[in-house]
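So the protein sequences, as listed, match chains A, B, C, D, E and F. Residues 1 to 227 (UniProt numbering) are what the first sequence spells out, left to right. Residues 1 to 227 (UniProt numbering) are what the second sequence spells out, left to right. Residues 1 to 227 (UniProt numbering) are what the third sequence spells out, left to right. Residues 1 to 227 (UniProt numbering) are what the fourth sequence spells out, left to right. Residues 1 to 227 (UniProt numbering) are what the fifth sequence spells out, left to right. Residues 1 to 227 (UniProt numbering) are what the sixth sequence spells out, left to right.
Keep in mind the hints are simulated off the structure, nothing from the lab. Be aware that one or more of the hints could be misleading.
Note: identical chains are not told apart, hence a pair may lie in one copy or across any two.
Think about it this way: if two alpha-carbon atoms lie no more than 20 Å apart in a straight line, the pair counts; the simulated SDA-like pairs of lysine to any residue are [what the hints assert, rightly or not]:
1. K60 / N16
2. K168 / I2
3. K196 / N217
4. K90 / K106
5. K168 / S219
6. K90 / Y104
7. K198 / N52
8. K167 / R156
9. K168 / N16
10. K167 / D142
11. K60 / E100
12. K56 / L161
13. K196 / P17
14. K56 / S162
15. K209 / S33
16. K90 / N206
17. K56 / I22
18. K196 / D133
19. K167 / G84
20. K10 / G45
21. K56 / I164
22. K147 / D208
23. K209 / E93
24. K90 / G103
25. K90 / E100
26. K196 / D148
27. K168 / L28
28. K60 / E97
29. K167 / S219
30. K198 / L161
Read off the chains here:
Number of protein chains: 6
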Amino acid sequence: MIVTLKISGKFFDDENPTNLEIIKKSVLSLLNSGHRVAIVTGGGGTARKYINLGRKAGIKEAHLDLLGIWASRLNAYLVAFYLGDLAYSKVPESLEEFIEKWGYGKVVVTGGFQPGQSTATVASLVSEATNSDLLVLATNVDGVYDKDPRKFSEARLLSRLSTIELKKILELTQSVNAGTYELLDPLAIKIIERSKIKVLVVNFKNLDKLLDIITGNISIGSLVLPV
Amino acid sequence: MIVTLKISGKFFDDENPTNLEIIKKSVLSLLNSGHRVAIVTGGGGTARKYINLGRKAGIKEAHLDLLGIWASRLNAYLVAFYLGDLAYSKVPESLEEFIEKWGYGKVVVTGGFQPGQSTATVASLVSEATNSDLLVLATNVDGVYDKDPRKFSEARLLSRLSTIELKKILELTQSVNAGTYELLDPLAIKIIERSKIKVLVVNFKNLDKLLDIITGNISIGSLVLPV
Amino acid sequence: MIVTLKISGKFFDDENPTNLEIIKKSVLSLLNSGHRVAIVTGGGGTARKYINLGRKAGIKEAHLDLLGIWASRLNAYLVAFYLGDLAYSKVPESLEEFIEKWGYGKVVVTGGFQPGQSTATVASLVSEATNSDLLVLATNVDGVYDKDPRKFSEARLLSRLSTIELKKILELTQSVNAGTYELLDPLAIKIIERSKIKVLVVNFKNLDKLLDIITGNISIGSLVLPV
Amino acid sequence: MIVTLKISGKFFDDENPTNLEIIKKSVLSLLNSGHRVAIVTGGGGTARKYINLGRKAGIKEAHLDLLGIWASRLNAYLVAFYLGDLAYSKVPESLEEFIEKWGYGKVVVTGGFQPGQSTATVASLVSEATNSDLLVLATNVDGVYDKDPRKFSEARLLSRLSTIELKKILELTQSVNAGTYELLDPLAIKIIERSKIKVLVVNFKNLDKLLDIITGNISIGSLVLPV
Amino acid sequence: MIVTLKISGKFFDDENPTNLEIIKKSVLSLLNSGHRVAIVTGGGGTARKYINLGRKAGIKEAHLDLLGIWASRLNAYLVAFYLGDLAYSKVPESLEEFIEKWGYGKVVVTGGFQPGQSTATVASLVSEATNSDLLVLATNVDGVYDKDPRKFSEARLLSRLSTIELKKILELTQSVNAGTYELLDPLAIKIIERSKIKVLVVNFKNLDKLLDIITGNISIGSLVLPV
Amino acid sequence: MIVTLKISGKFFDDENPTNLEIIKKSVLSLLNSGHRVAIVTGGGGTARKYINLGRKAGIKEAHLDLLGIWASRLNAYLVAFYLGDLAYSKVPESLEEFIEKWGYGKVVVTGGFQPGQSTATVASLVSEATNSDLLVLATNVDGVYDKDPRKFSEARLLSRLSTIELKKILELTQSVNAGTYELLDPLAIKIIERSKIKVLVVNFKNLDKLLDIITGNISIGSLVLPV
Ligand SMILES: Nc1ncnc2c1ncn2[C@@H]1O[C@H](COP(=O)(O)OP(=O)(O)OP(=O)(O)O)[C@@H](O)[C@H]1O
Ligand SMILES: Nc1ncnc2c1ncn2[C@@H]1O[C@H](COP(=O)(O)OP(=O)(O)OP(=O)(O)O)[C@@H](O)[C@H]1O
Ligand SMILES: Nc1ncnc2c1ncn2[C@@H]1O[C@H](COP(=O)(O)OP(=O)(O)OP(=O)(O)O)[C@@H](O)[C@H]1O
Ligand SMILES: Nc1ncnc2c1ncn2[C@@H]1O[C@H](COP(=O)(O)OP(=O)(O)OP(=O)(O)O)[C@@H](O)[C@H]1O
Ligand SMILES: Nc1ncnc2c1ncn2[C@@H]1O[C@H](COP(=O)(O)OP(=O)(O)OP(=O)(O)O)[C@@H](O)[C@H]1O
Ligand SMILES: [Co+2]
Ligand SMILES: [Co+2]
Ligand SMILES: [Co+2]
Ligand SMILES: [Co+2]
Ligand SMILES: [Co+2]
Ligand SMILES: [Co+2]
Ligand SMILES: [Mg+2]
Ligand SMILES: [Mg+2]
């Protein structure tokens with residue numbers, strides 16, 4: 001089984017190695033059971049810092065996107081170096097390069113690729129190129145809610161939904177300003193649909209149970225099915 | 001004034017150099033009046049040939065996109081070599097590389113960048129990165145119609161419209177399968193909106209009047225205004 | 001045993017996946033018997049289209065060669081993507097890069113390298129660098145004839161000949177204009193001679209019997225022996 | 001006159017664009033007077049964050065250096081994008097690449113190059129390669145003190161000193177752990193000495209007076225003379 | 001006027017800077033008169049040393065060619081660094097890269113490109129790509145003789161000859177073993193013919209008179225005319 | 001066990017393949033016992049030739065370093081090509097590239113990386129990045145002496161010493177002029193100390209006994225212990 005794991009950049013924001021350990025443990029459990037893993041890291045606080053500073057200084061959107069991409073690559077290097085021999089040591093800078101590195105058989109860790117493309121879109125392209133059975137979005141909420149749970153306390157968790165339902169939910173919250181893409185943008189969803197990729201949205205702190213979730217032993221988070 | 005010129009790939013499909021001559025004449029007239037020009041070429045028939053062959057053979061979407069991108073780069077090399085000293089001789093393979101090459105002061109010709117991104121999105125990113133005053137879409141119809149003019153003969157040309165109106169018109173005709181993006185996709189429009197880029201849709205055969213259109217002497221095609 | 005397989009670009013000219021299937025079947029039979037395979041693809045109709053268009057437009061020979069090389073790389077990507085995990089996913093752009101990629105153990109697919117070098121010369125350099133036991137030229141005739149069989153119906157097939165004889169036969173038909181190199185040019189033959197590479201010229205449609213030919217079970221095509 | 005400007009990474013640490021404006025103003029005043037400028041940025045807080053996190057997680061020194069280098073490049077991109085057309089848009093990743101980019105005539109902004117090399121050493125190599133008349137170290141103290149002024153309040157500012165004196169002062173405070181290089185390390189000083197480069201250590205907030213300092217109108221900071 | 005200057009590698013073989021000075025003086029005189037110059041350097045003694053050592057050790061021909069190419073690039077770097085600001089500081093590794101660098105307007109210095117290609121062929125490709133009016137071969141004899149003048153003392157200098165005559169003269173002396181290409185090989189001549197490039201063979205020690213030769217003031221060496 | 005082997009460039013100076021054979025034999029014995037090997041080659045006579053010629057011609061130190069680095073890479077290619085399939089065929093040009101190549105599992109051969117960095121520093125960085133158990137310096141003397149043995153005949157060999165003692169011994173003999181770094185420079189020693197790398201200085205002609213030395217069967221040369 002092939003799994004693409006998208007990790008929100010916010011999990012690299014403090015100077016505590018616990019989150020790195022969670023990632024490694026989860027990756028190791030998958031590898032030891034014979035699965036392959038691709039990892040996409042978001043830009044998190046570092047991205048936001050440089051984008052905010054740049055925007056205040058008057059730098060243009062395409063260049064702000066590039067700052068965010070370089071920040072996400074810093075997170076990717078952190079993960080790749082921490083995984084050591086398990087991972088390819090160079091962070092690819094385009095899907096073509098990703099595909100080339102993926103051919104060697106190791107975990108490949110990547111950040112963003114191109115301005116105008118969220119790391120969620122990167123994750124969907126990586127899922128497509130690797131023929132992934134599952135795209136896992138590890139985030140700071142327990143799954144997909146009918147509203148943004150950070151803004152509305154009455155939001156309800158959906159354990160199973162279609163991409164059409166997801167699109168409706170996300171429609172109002174989307175933006176393409178650098179640094180503000182959330183969860184999944186319309187392009188990411190289109191790619192998920194064109195290649196029929198299953199998506200699991202799960203709380204980062206449950207990553208250690210990923211193998212159990214995948215094998216169907218337990219059911220946590222939200223499963224999004226392409227239509 | 002800075003102009004990004006997006007040329008549909010179909011204008012490289014026959015073995016007649018006339019279309020190349022039209023492009024050169026139009027570029028020269030702009031350069032001679034002190035403007036700067038970036039060019040984005042579509043993949044046209046070559047892209048379609050390789051994508052169709054690949055799809056029949058069972059190659060996956062992300063890789064089909066790559067074949068289409070390489071085809072669009074072939075068209076870009078053709079234009080760059082034909083422009084000779086006026087153009088940068090290497091076709092950039094990402095927005096970062098485009099920005100670097102653009103710094104030298106010549107015309108830069110590019111094809112596609114990344115799977116999941118139409119050459120229309122490339123053109124909008126290039127417009128953004130170059131701070132273009134105008135994005136010109138040179139195509140095989142006279143402008144934006146209220147319906148796809150190739151399919152509906154009663155379609156009416158709109159000489160001026162907003163991106164909101166454009167989105168509504170295009171909504172039904174869009175697809176993200178490799179090789180089937182048309183005119184402008186939602187992501188291209190979002191980028192146009194976030195950076196307030198004006199778009200002119202014009203018939204390829206009127207490219208020789210581009211300088212007159214830009215300076216407001218004549219009014220041809222459709223002007224799309226971002227909101 | 002190591003085999004370099006040079007496939008004429010014309011086998012990628014129509015939108016039918018049969019030729020791709022023939023290549024894959026032939027490669028698989030070799031790999032499954034423990035052999036290694038390098039593939040060199042010609043530029044075919046795509047190369048001719050761009051070279052003709054470019055030449056009419058007045059583009060110079062070295063740049064026409066480059067257009068042809070990019071076209072041959074498009075064919076190489078098609079083959080590499082179709083072979084999937086069997087092949088290295090990036091098409092090398094020089095012999096140095098080829099050698100590097102070859103080190104990973106997969107099939108490596110390449111198009112042209114440099115202006116002034118036919119893909120036949122590329123194939124002979126690849127044979128040399130990989131220490132190939134055999135260079136197979138898959139073409140649209142049944143082998144080497146004493147005259148060009150497309151022009152002279154009385155041409156006689158030679159089942160075994162030396163490079164000296166081959167040179168005499170080819171002498172009159174050679175040209176170095178971009179896109180017109182035929183079968184084997186003098187430089188390709190010199191490289192074959194300096195490294196004592198055996199060459200098999202065989203009809204493309206017999207590629208499925210390659211394993212049998214190599215193991216000496218059947219004898220088809222022409223064997224060219226270096227002197 | 002050619003000036004290499006080394007800016008401590010800590011000046012990119014808060015989300016206020018003032019420091020960027022100081023840099024741009026200072027660079028513009030030099031360019032407008034006909035001078036050329038190279039810029040080297042330190043890694044600052046971003047480097048320290050990733051190095052600390054990585055070290056706690058057990059990542060090795062050479063790889064921690066790489067994280068710090070990528071962080072310093074993020075600062076370099078921020079400066080390069082903010083300078084816009086004045087600067088080369090790509091941050092070089094080695095001295096060879098720096099030299100190549102420097103040839104185009106623009107400001108070139110660089111971060112770190114190699115593990116084991118502080119950005120101060122990078123700045124001395126850049127001074128050497130560009131044949132700089134002056135290496136300016138813009139830092140958070142008013143110049144070189146006879147002791148580290150952050151630790152000893154009785155430290156005295158030296159307005160003029162030799163590299164021999166500097167070496168003695170710095171001897172005790174040096175370390176080669178990733179992220180802890182200070183002001184100038186022994187290798188940076190050796191390079192300064194072998195190519196006889198003059199060094200000016202100056203408070204960052206006085207950068208706007210750089211042109212006056214250079215032309216000898218005013219005298220601020222410490223001048224270090226190679227022996 | 002555009003001039004490609006091919007300098008035999010043997011002029012970099014001793015530790016005396018005189019030959020570098022001759023090259024610089026000759027280049028400067030051409031540049032100051034408004035001409036453009038491309039330089040191709042041979043591998044000389046360094047190439048021969050590594051090729052001989054490698055061949056004795058059993059390294060294969062294609063790899064020996066690569067050693068010779070790296071040696072010729074060392075000579076190219078020496079010339080480029082010595083020319084300083086007049087020359088592009090990076091030695092291109094392929095014709096594509098050469099063309100890209102040539103676009104910046106400086107002297108570009110290159111060594112070899114690809115195994116199986118002599119630096120004489122490189123020089124003819126460079127002449128073609130730059131649209132050179134003249135290819136100058138600076139060598140250790142006074143021009144083309146009717147026999148190899150190093151072997152036959154009765155050899156007669158030819159002040160004017162066609163490429164057909166040249167081919168006949170060189171026919172017997174050619175070889176494609178790495179490191180043994182002489183003056184002009186058949187492929188170099190074919191390229192010269194297909195693009196109608198004039199060739200001047202001249203003694204290296206007369207390079208200082210190059211401007212006079214080009215402007216027709218004096219007549220030295222042999223002029224080879226393509227047919 | 002992981003071993004980094006630094007070979008002085010002077011062992012590639014004559015046209016005799018014996019030294020290559022010694023290296024291969026020693027590498028093979030290590031690989032066959034399950035160890036991994038990284039190799040760093042010095043620049044030797046080729047470096048000195050180009051650096052001397054360049055310095056006489058007035059080329060600057062940073063550029064002379066680059067010439068020396070290219071020469072050391074020529075030696076690295078020679079070793080890599082001679083080792084054939086055992087080694088990675090491309091010589092890395094930075095530590096980042098080295099780390100990437102090292103991930104494939106083969107021997108990686110490298111020359112210099114950056115101006116201002118001796119190949120001894122490269123070797124210490126490579127030891128650090130590969131987590132080497134031992135850094136072996138193969139040189140033309142029998143180990144570390146209390147004085148430079150080439151200059152003082154009364155010099156005494158030290159079979160065991162600390163990096164502090166080594167620093168004292170080497171202090172007077174060090175220089176940072178291109179081409180004159182000796183044995184170990186201060187930066188190399190600092191890296192050895194920060195990552196606690198054991199160093200063995202051994203006569204090149206004893207390389208064939210390396211496996212025995214490593215396994216503690218025999219004791220030759222000097223062991224330097226980091227403090
Ligand atoms: N309907 C919804 N259900 C769940 N989450 C939602 C929903 N709408 C918006 N969100 C927001 O999406 C966020 C998840 O996106 P996340 O931050 O993990 O990815 P990211 O933005 O790409 O990360 P980063 O940019 O920091 O790397 C949640 O914190 C939540 O606030
Ligand atoms: N409402 C509309 N108005 C105008 N054109 C439309 C509309 N809807 C669809 N189209 C189609 O869009 C096409 C223009 O897209 P065009 O082919 O120029 O770009 P492209 O698809 O990127 O080109 P290529 O992929 O061949 O390089 C027209 O031929 C037209 O059929
Ligand atoms: N004798 C001294 N005189 C002046 N400063 C000294 C001295 N000794 C140590 N320092 C320290 O050197 C520091 C300057 O180094 P600075 O932080 O500017 O460069 P840096 O460490 O390379 O920056 P960064 O790594 O954050 O990019 C001062 O803050 C000061 O504390
Ligand atoms: N008929 C001929 N006329 C002139 N020179 C000839 C002839 N035949 C052979 N040569 C040889 O060609 C040599 C010139 O080639 P030259 O060494 O300049 O180029 P090169 O071999 O490419 O240089 P390098 O490989 O050393 O860089 C002369 O020294 C001469 O001996
Ligand atoms: N105390 C010492 N003990 C041993 N060797 C010493 C000492 N001091 C100086 N040396 C010198 O160091 C030399 C070893 O350095 P070596 O030439 O092997 O490395 P290198 O200079 O990096 O090689 P290259 O630059 O030629 O590649 C010996 O030849 C010796 O003369
Ligand atoms: Co986000
Ligand atoms: Co289209
Ligand atoms: Co052909
Ligand atoms: Co610091
Ligand atoms: Co020669
Ligand atoms: Co030395
Ligand atoms: Mg994000
Ligand atoms: Mg050395």
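Hints versus structure:
In this assembly of identical chains, the alpha carbons of K60 and N16 lie at most 20 Å apart only when taken from different copies (17 Å versus 33 Å within one copy). Proximity of K168 to I2 under the C-alpha cut-off of 20 Å is found in neither arrangement, the shortest distances being 28 Å within a copy and 38 Å between copies. Taking CA atoms no more than 20 Å apart as the test, K196 paired with N217 passes in neither setting, with 23 Å inside one copy and 46 Å between copies. When the C-alpha separation of K90 and K106 is checked against a cutoff of 20 Å, the pair qualifies both within a copy, at 11 Å, and between copies, at 17 Å.
Taking the shortest Cα distances, K168 and S219 never come within 20 Å of each other, neither inside one copy (24 Å) nor across copies (40 Å). Taking identical chains as interchangeable, the C-alpha atoms of K90 and Y104 lie at most 20 Å apart whether they share a chain (12 Å) or sit on different chains (12 Å). For the homomeric pair K198 and N52, neither the shortest alpha-carbon distance inside one copy (34 Å) nor that between copies (26 Å) is at most 20 Å. Taking CA atoms no more than 20 Å apart as the test, K167 paired with R156 passes inside one copy only; the shortest distance there is 16 Å, against 31 Å between copies.
For a Cα distance limit of 20 Å, the shortest separation of K168 from N16 qualifies neither inside one copy, at 37 Å, nor across copies, at 37 Å. For the identical chains of this complex, K167 and D142 are intra-copy neighbours only, at 18 Å inside a copy versus 34 Å across copies, given an alpha-carbon limit of 20 Å. In this homomeric assembly, K60 and E100 come within 20 Å of each other (Cα to Cα) only across copies, at 15 Å, whereas the closest approach inside a single copy is 32 Å. Within a single copy, K56 and L161 get their C-alpha atoms no closer than 39 Å, and across copies no closer than 32 Å, so neither meets the 20 Å cut-off.
When the C-alpha separation of K196 and P17 is checked against a cutoff of 20 Å, the pair qualifies neither within a copy, at 35 Å, nor between copies, at 24 Å. In the homo-oligomer, the alpha carbons of K56 and S162 never lie at most 20 Å apart, since the shortest distance is 39 Å inside one protomer and 28 Å across protomers. Taking identical chains as interchangeable, the C-alpha atoms of K209 and S33 lie at most 20 Å apart only when both belong to the same chain, with a minimum of 13 Å there against 40 Å between chains. Neither within a single protomer nor between protomers do K90 and N206 lie at most 20 Å apart by alpha-carbon distance, with minima of 27 Å and 37 Å respectively.
Proximity of K56 to I22 under the C-alpha cut-off of 20 Å is restricted to the inter-copy arrangement: shortest distance 15 Å between copies versus 35 Å within a copy. Within a single copy, K196 and D133 get their C-alpha atoms as close as 9 Å, which meets the 20 Å cut-off; across copies the closest is 39 Å, which misses it. With identical chains, the CA atoms of K167 and G84 are never at most 20 Å apart, being 38 Å at best within one copy and 33 Å at best between copies. Taking the closest pair of Cα atoms, K10 and G45 come within 20 Å of each other both inside a single copy (6 Å) and across two copies (17 Å).
In this assembly of identical chains, K56 and I164 lie within 20 Å of each other by CA distance neither inside one copy nor across copies; the values are 37 Å within and 28 Å between. Taking the shortest alpha-carbon separations for K147 and D208, neither the intra-copy value of 26 Å nor the inter-copy value of 50 Å comes in at or below 20 Å. For a Cα distance limit of 20 Å, the shortest separation of K209 from E93 qualifies neither inside one copy, at 30 Å, nor across copies, at 40 Å. Taking identical chains as interchangeable, the C-alpha atoms of K90 and G103 lie at most 20 Å apart whether they share a chain (13 Å) or sit on different chains (10 Å).
When the C-alpha separation of K90 and E100 is checked against a cutoff of 20 Å, the pair qualifies both within a copy, at 11 Å, and between copies, at 6 Å. When the C-alpha separation of K196 and D148 is checked against a cutoff of 20 Å, the pair qualifies neither within a copy, at 25 Å, nor between copies, at 28 Å. In this assembly of identical chains, K168 and L28 lie within 20 Å of each other by CA distance neither inside one copy nor across copies; the values are 36 Å within and 47 Å between. Taking the shortest Cα distances, K60 and E97 sit within 20 Å of each other only across copies (17 Å), while inside one copy they are farther apart (27 Å).
Taking the shortest Cα distances, K167 and S219 never come within 20 Å of each other, neither inside one copy (23 Å) nor across copies (39 Å). In this assembly of identical chains, the alpha carbons of K198 and L161 lie at most 20 Å apart only when taken from the same copy (11 Å versus 38 Å across copies).
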